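*Asks:* Each chain, letter by letter, is given below.
There are 2 protein chains.
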Amino acid sequence: MKCALVAADGAVLHRETRPTPRAAGGRAVLDALLSTVVELGQKATAEGHRVRAIGVVVPGVIDAEHGTVGAENLEWVGTPVLAELQAAVRAAGSDDLPIVLAHDVRAGGYAELRHGALAGTTNSMFLPLGTGIAAAMVVDGSLVSGDGYAGELGHSKFIYGDAAELCACGQWGCLETVASAAALARRYTARTGRTVDGAREVMELLAAGDEDAAAVWQVALTALIDALVLYTTLVAPTRIAIGGGLIGAGETLLQPLREGVHARITFQREPEIVAAVLGDEAGCLGAARMAWDRADEEEKNV
Amino acid sequence: MKCALVAADGAVLHRETRPTPRAAGGRAVLDALLSTVVELGQKATAEGHRVRAIGVVVPGVIDAEHGTVGAENLEWVGTPVLAELQAAVRAAGSDDLPIVLAHDVRAGGYAELRHGALAGTTNSMFLPLGTGIAAAMVVDGSLVSGDGYAGELGHSKFIYGDAAELCACGQWGCLETVASAAALARRYTARTGRTVDGAREVMELLAAGDEDAAAVWQVALTALIDALVLYTTLVAPTRIAIGGGLIGAGETLLQPLREGVHARITFQREPEIVAAVLGDEAGCLGAARMAWDRADEEEKNV
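Top line first, the protein sequences correspond to chains E and U.
Mapping of the first sequence onto the working numbering: position 190 corresponds to residue 190, and the numbering continues sequentially without gaps.
Mapping of the second sequence onto the working numbering: position 89 corresponds to residue 89, and the numbering continues sequentially without gaps.
Note that these hints are calculated values from the structure, not bench results.
Careful: at least some of the hints might be erroneous.
[What the hints assert, rightly or not] Examples of chain U residues lying across from chain E (beta carbon under 8 angstroms, computed): (1) H155; (2) S156; (3) D162; (4) L166; (5) C169; (6) G193; (7) T195; (8) V196; (9) D197.
Remember, predicted model here, so these are calculated numbers, not experimental data.
Where is the CB? At the ideal position from N, CA and C, for every residue including glycine.
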């Protein structure tokens, strides 16, 4: 869990990383989240700050109406995260505070939109390519929610025919099965029998001229180009910011994506394709930004 | 050109259809539009009504900032439709009126959203399957514009490999190449050498057990299911309303789409798949609704 105390101007006063006790089950993960929030609040107070709002982002589907979260990775099913957070903050003796609960990729997109690679855009996309793939969509000036369900470009089908593999989500041929960092490593190993140290090693092999790495990479690029062209056709972004672990590849990734999209589109508006700039802090910073915006909003309404 | 005089409550006081002089070129089409607007205004006045606003929808890309339209079918390239309409209305002696310029499919979607099959939804899609295919997207409660570019699901790729055909848009394997009404007829003829009277005859042949019609139909259904699943995964609609000429097929079209989407999705929220209800008047009624809404808005701001 990436955690931070963030000032109104976005300055990070304190950052820390805590383990997520996944193996101990969903209740343990929730307890770890609650104590993190309470302890960070106490730390802020001890250092003379006033906590104005709390932002929590999770890799799951958020039911905004009920404040509940479904997150397969965390063993959360309809878990009442918002109510538990409110109770924990109250039990710790704090005043009621605005608490924002958001999706991690959407929060990252919000941070990129407000302070990062998507600043100034009204139609754009943040697409982190990490263990998984999901999109934060900015449409007509707003970050899309779709009641918490939108943006699952990683679970859209771009591999057809016999090449389509079964995805962890139960569908076949998802973008994530070939173009996530995890997929690159897995597919290289499946092809060669050699285990590799993640996508990073596949990229090193690619740079060294390894033909199997090149083949695995080409499949990922082709599917990504298909996905970017489709997104461009449907939602008309002016800028697409690629993030996640794979953006470590830099221009090796971006240049063929730009060329591929440019070659494929005809009547569509061509998007800039750039690197996201906030790195793996984007979700955490987005949570803070959302919390500050909520605090400002509530102040205005008082 | 479908034209109407529509009251504030949506009642259609007068409707008429006028020819679009396409063969005479873009200027002639524009002149026909201008005289239609002026003459309908005069008719309304003569019948004792006060015209409050004008809504014009076109099958093209609208630059909202400049009021210009690009529409291949009409030979319009950056054509200043809004300024020409304003000048024509002024020359006819009318007061300055709010004029709304919108995309035909998006206007149809707006009508379905306000008074039709999408009423009450906040995330949904109107997908007319006619000569062409485009989507009106409702996301987080608003009709998506994407600066006039969004919604081109018909020009998204769902046919891969050797089966992909060149689309009129210059791309390969677009949904429109297999699933539009025009494509059904064209593909049946290409397969059999027999000319048919549009998609309607292909549907009749299908009902009569014609195997070639069944094959052409199956390709269309498969691509449509791919498109609906992808849209559902990316934008999370709760309802999808199918319109256009092909919805004449009714349950022959809807039932396999429902079954196909149901069988394919896993974690996604399943959308209702229904028939649009406003038929080929949707665009015209949507234009009127948008015009009334603009008039109400301007009145509020005075």
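*Asks:* May I ask which of the numbered hints given earlier this structure violates, with the numbers listed in increasing order?
*Replies:* 3, 4, 6, 7, 8, 9
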